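Protein chains in written order, with numbering that gives the first Met the number 0: chain H, 0 to 491; chain E, 0 to 124; chain G, 0 to 442.
In case anyone wonders, no lab produced these hints; they're calculated from the structure. Remember, predicted model here, so these are calculated numbers, not experimental data. Every residue gets a Cβ at the ideal spot worked out from N, C-alpha and C, and that includes glycine. Among these hints, one or two may not hold up.
To be verified - Per the computed footprint, the stretches of chain G lying under chain H, defined by three or more beta-carbons under 8 Å from a beta-carbon of chain H, are:
{"id": "1", "region": "105–115"}
{"id": "2", "region": "312–324"}
{"id": "3", "region": "338–345"}
As the list claims (entries may be wrong) - Derived Cβ-Cβ restraints for the label pairs, each shown as a range:
{"id": "4", "chain 1": "H", "residue 1": "GLY398", "chain 2": "G", "residue 2": "ARG299", "range": "24 to 30 Å"}
{"id": "5", "chain 1": "G", "residue 1": "SER21", "chain 2": "H", "residue 2": "GLU458", "range": "38 to 44 Å"}
{"id": "6", "chain 1": "E", "residue 1": "ALA121", "chain 2": "H", "residue 2": "GLY398", "range": "21 to 27 Å"}
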Amino acid sequence: MSRMQKMPEPELIFDRSRPGRIGCNVPRCDTPEVDVASAVGAVRDDLHLPEVSELDLLRHFTNLSHINYGIETGFYPLGSCTMKYNPKINEQTARLAGFANLHPMQPVATIPGALEILYGVQSMLIEITGFSTITLQPVAGAHGEMTCLMLIKAYHESRGEGNRTVVLVPDSAHGTNPASAARCGYSVKSIPTDAAGNTDLAALATALEEVGPNVAALMLTNPSTLGLFEPNIERICKMLHDAGGQVFCDGANMNAMVGTTRPGDHGFDCMHLNLHKTFSTPHGGGGPGCGAIGLQSHLEPFLPAPVIRMSEGKIIADEDRPQTIGRVAGFYGQFLMEVRAYTYLRAFGKEHMADISRYSVLNANYVRERLKDVLPPAHDRPCMHECILTAEKYKKEHGVRALDISKRLIDYGFHPPTNYFPLIVPECLMIEPTETETKETLDEFCDAMISICREAVEEPDLLHDAPSTRITGRLDETLAVKNLDVRWWPNQ
Amino acid sequence: MSNIPSDLKYAKSHEWVRVEGDVATIGITDFAQSELGDVVYVDLPAVGKTLAVGDIFGSVESVKTVSDLYSPVAGNVLEINPELTNASELVNTDPYGDGWMIKISLTASVPSELLDAEGYGAVAH
Amino acid sequence: MPYVPHTQADTEAMLSVIGVPSIDNLFREIPDNLKVAPGSLNLPPALDEHRLMAHLSEIAAKNLDCTKLVCFLGAGIYDRYIPSTVGAVISRGEFLTAYTPYQPEASQGYLQTIYEFQTMVSELYGMDLANASMYDGATSMAEAAIMSVGIKGKDKVVVSEAVHPHYRQVLATYCWSIGIHVETVPASSGVTTSWNADEASCIIVQYPNFFGCIEDLAAARAAADAAGALLIVVADPVACALLKSPGSYGADVVVGEGQPMGIAMGLGGPVVGLFACKKEFVRHIPGRIVGKTKELHGDRPGYVMTLRTREQDIRREKATSNICTNEALMALAATVYMIALGKNGMTTVATSSVRNTQYAISALSSAGFSVKFKGKVFGEFVISLPKNATEVRDAMLGEGFLAGLPLGAYYKGMDDDLLVAVTEIRTKEQIDAFVSALTEVTK
Numbered sequence: 000m001s002r003m004q005k006m007p008e009p010e011l012i013f014d015r016s017r018p019g020r021i022g023c024n025v026p027r028c029d030t031p032e033v034d035v036a037s038a039v040g041a042v043r044d045d046l047h048l049p050e051v052s053e054l055d056l057l058r059h060f061t062n063l064s065h066i067n068y069g070i071e072t073g074f075y076p077l078g079s080c081t082m083k084y085n086p087k088i089n090e091q092t093a094r095l096a097g098f099a100n101l102h103p104m105q106p107v108a109t110i111p112g113a114l115e116i117l118y119g120v121q122s123m124l125i126e127i128t129g130f131s132t133i134t135l136q137p138v139a140g141a142h143g144e145m146t147c148l149m150l151i152k153a154y155h156e157s158r159g160e161g162n163r164t165v166v167l168v169p170d171s172a173h174g175t176n177p178a179s180a181a182r183c184g185y186s187v188k189s190i191p192t193d194a195a196g197n198t199d200l201a202a203l204a205t206a207l208e209e210v211g212p213n214v215a216a217l218m219l220t221n222p223s224t225l226g227l228f229e230p231n232i233e234r235i236c237k238m239l240h241d242a243g244g245q246v247f248c249d250g251a252n253m254n255a256m257v258g259t260t261r262p263g264d265h266g267f268d269c270m271h272l273n274l275h276k277t278f279s280t281p282h283g284g285g286g287p288g289c290g291a292i293g294l295q296s297h298l299e300p301f302l303p304a305p306v307i308r309m310s311e312g313k314i315i316a317d318e319d320r321p322q323t324i325g326r327v328a329g330f331y332g333q334f335l336m337e338v339r340a341y342t343y344l345r346a347f348g349k350e351h352m353a354d355i356s357r358y359s360v361l362n363a364n365y366v367r368e369r370l371k372d373v374l375p376p377a378h379d380r381p382c383m384h385e386c387i388l389t390a391e392k393y394k395k396e397h398g399v400r401a402l403d404i405s406k407r408l409i410d411y412g413f414h415p416p417t418n419y420f421p422l423i424v425p426e427c428l429m430i431e432p433t434e435t436e437t438k439e440t441l442d443e444f445c446d447a448m449i450s451i452c453r454e455a456v457e458e459p460d461l462l463h464d465a466p467s468t469r470i471t472g473r474l475d476e477t478l479a480v481k482n483l484d485v486r487w488w489p490n491q
Numbered sequence: 000m001s002n003i004p005s006d007l008k009y010a011k012s013h014e015w016v017r018v019e020g021d022v023a024t025i026g027i028t029d030f031a032q033s034e035l036g037d038v039v040y041v042d043l044p045a046v047g048k049t050l051a052v053g054d055i056f057g058s059v060e061s062v063k064t065v066s067d068l069y070s071p072v073a074g075n076v077l078e079i080n081p082e083l084t085n086a087s088e089l090v091n092t093d094p095y096g097d098g099w100m101i102k103i104s105l106t107a108s109v110p111s112e113l114l115d116a117e118g119y120g121a122v123a124h
Numbered sequence: 000m001p002y003v004p005h006t007q008a009d010t011e012a013m014l015s016v017i018g019v020p021s022i023d024n025l026f027r028e029i030p031d032n033l034k035v036a037p038g039s040l041n042l043p044p045a046l047d048e049h050r051l052m053a054h055l056s057e058i059a060a061k062n063l064d065c066t067k068l069v070c071f072l073g074a075g076i077y078d079r080y081i082p083s084t085v086g087a088v089i090s091r092g093e094f095l096t097a098y099t100p101y102q103p104e105a106s107q108g109y110l111q112t113i114y115e116f117q118t119m120v121s122e123l124y125g126m127d128l129a130n131a132s133m134y135d136g137a138t139s140m141a142e143a144a145i146m147s148v149g150i151k152g153k154d155k156v157v158v159s160e161a162v163h164p165h166y167r168q169v170l171a172t173y174c175w176s177i178g179i180h181v182e183t184v185p186a187s188s189g190v191t192t193s194w195n196a197d198e199a200s201c202i203i204v205q206y207p208n209f210f211g212c213i214e215d216l217a218a219a220r221a222a223a224d225a226a227g228a229l230l231i232v233v234a235d236p237v238a239c240a241l242l243k244s245p246g247s248y249g250a251d252v253v254v255g256e257g258q259p260m261g262i263a264m265g266l267g268g269p270v271v272g273l274f275a276c277k278k279e280f281v282r283h284i285p286g287r288i289v290g291k292t293k294e295l296h297g298d299r300p301g302y303v304m305t306l307r308t309r310e311q312d313i314r315r316e317k318a319t320s321n322i323c324t325n326e327a328l329m330a331l332a333a334t335v336y337m338i339a340l341g342k343n344g345m346t347t348v349a350t351s352s353v354r355n356t357q358y359a360i361s362a363l364s365s366a367g368f369s370v371k372f373k374g375k376v377f378g379e380f381v382i383s384l385p386k387n388a389t390e391v392r393d394a395m396l397g398e399g400f401l402a403g404l405p406l407g408a409y410y411k412g413m414d415d416d417l418l419v420a421v422t423e424i425r426t427k428e429q430i431d432a433f434v435s436a437l438t439e440v441t442k
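Next comes chain H alone, as it looks inside the complex (with noise of 0.2 Å):
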């Protein structure tokens, strides 16, 4: 693939600034003028923001728009993300004025419509998931795990039994979760994970038994980061249970299991979930996030306030809570997040809730097959909603990295899979294309994977120059840690 002619470089919209312009039209001020120092004191008088025309602000986001990948620009297939449609009716439902303009001060009383969404997603959250409580304020899938762990400190603690200390992590676990129970005041054991890619048993046996009675929790990703359903769940959380310990399921991989199995039913006592991943939220570029989390009974009266739950046939937002944990967010978490998922709950509903689990399964699994003689699978079992494909033999035999095959990727116009994750996969491609996508689409990406490895054995330079297509070639990541330049400076 030649270089096409390259774009020019976008300018920042700094260098587009000039004295006196504007890009919008301000309200007037109505109220008489005055002495501004005198009402608030010491004013400023060196704000450097620019000023642009309301056009040019707009050309300069949508050319900036046009050097940005989307879901809607192309197949993302990012493992561990759920890089899924977002249904537009979700944007809409959420710019209702009746939800878009809440103050969430506002008396409850004023809100109904609100608490209706609340209580309406948490209800049909706890019977995909199986839990027997849901809230919605962790406002991140990260928070949500803090949430969880502060929840299980907060039943340790109720319990005499402050002395757990230590949080147990598989060895191919998400970054967040160690970091998340390090911030929760957790000391972090890790847990290998055996030849089928199972959480070692007796390796798990021989953690609980050194830690004895200090052990506060196993952090589970279930199905693994390994794409693989974790068989031995049930005797997991019995083994946990049995030591004292809560079991935390992280809930990334959500989108294998709703209409199909309930991590409530597994043993889990608590779990968090990625409205952003599997309930269509959109990512919006790395954040909003959003997190709500299950948890069983006996971590309820722990909850952080208020708590949106039925009381004599009304919905209220309950803050008489003596035994919560406190605020984790300033307010009722991601609201119009949460109006998109009730949105898309609804459009799927009971008919169709399944869809979701079965055909992400039958699109991973399909794109594993398809790829199999190229990138072999990590292992040679069913996958999930996602595949973990290994190219180590092209580092080995052509010095050609997973990196080098993503970024070719770029060149045929698809987002790559995410790389280098799960961390005990070497050279490891992880996909996971959703449910959304076509078999045709899935094919293409397919075509472009297998021809990539044939050019990695024949060409491997295209590989280690890709990609050379986009507005920038690869990027020098050591000098922008040595050269730190994180901002632009008005006498620059």
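Given chain H, put chains E and G in place with the hints provided.
Chains E and G alone, transformed into the frame defined by chain H:
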């Protein structure tokens, strides 16, 4: 093949030690720096800090990895290499020379478990 | 189901390639006792798009939102002007449906917007640098406090009681969890006058504070210095377009809520946390940060996420925070806002807020109401009412006003006090009507 000077002692965690009198100079090996890639930051302890054998005395970072640094000897930190603050690439370009990291005033003899060049050569590949 | 595009023929062809007889077969590793039959969950029936919109519209209509009520409620979330360009930009699919820019060559558009965001947040706060954003103002403040403990090593933080009560509640939760002691100092005159900063890693002050009052940041800086603590300022970015910046007073870390800059109130979420600091702390900060660099084999400039080794996916339990996402889309909204208004627009918005606030204060005073704290205020103030503020607030709903926040739930002895915000979009007519209605309901 990486460079493994014969006059140094080595830890399995890829630190080297040069002992002169009761002062030990410590850095990371040529093999370690080549595995890390471009070093972009070196985090070193405060002068005066007491270290036991195996204590973490800092960390070394490339763009996408961080490795802890383990003290191969016991003693007090006498000096840290000030050049690494602004020229961490010295760890890549001259790991046994200008890329040294800390000097320690020894409070105990050098552990006998440390490897010689030949022993380390068997580890570093 | 339009979001799942498989035809019967597709499914059969795919199953045949995989070599299994059915989709059920792909789930064979899940123990049977843990499975539920497709369609068996107790969920409401599916709605088609038309009925879905009607259903959601009906629910939305049950709320008394701020197009139906005139909003004088602030307390950290503000009813401000949102330029039409904000919605246009953040609706673009290339931004809305992108993931975190881990692949910079496919994400230059977003990365550049974040670089511009970081620049303008730093500029408003008067700081060396800002990160790519945090969840919200409250969590941003808690992260700053925890960062200060990491830097200073003392397990106590001091916060003024004139900092937003919800922010302090979040701080308390985070600090309980990680074992940090939080001490709250009074602000009985409306501003913080003394700091018990000994053995503290930081002191935290809000600017303007929860009551709308302008705190003395120079005195706070001196108190922090005397104790060897960091000064953390929670600042309203719109106010900072007019007031001397927290950075100019020597703040070490400035955090805040970015919602007033182009983001719908949305019952408080999603919003965006701002986080800025002095350069010397850059390796300690939580969250993402974007840096400018150039091509590895060329000269074109480009942007990447940088200082990545601080983050959870690399450093795991030793990361500076567990935060993984930023609030990119909301940061984009704020970026569009800061550019659309620019230097003159932001100054105008801030100045108009001050004018409207001063007008409201004088109109209320003329009507016999008493302003509780007499000092300098920005866009918000406390009035003492002749009766219970919650009752007054509820009565004002009937007059078409969201009158403000009754403070009794948050502060002892303030049952009759109401926190009132007056933004740039309130008109003289609305303020006059507000004063009349308030006079009426407090008779």
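- request: Kindly indicate which numbered hints from before are broken by the structure, ordering the numbers from low to high.
  value: No hint contradicted; all consistent.
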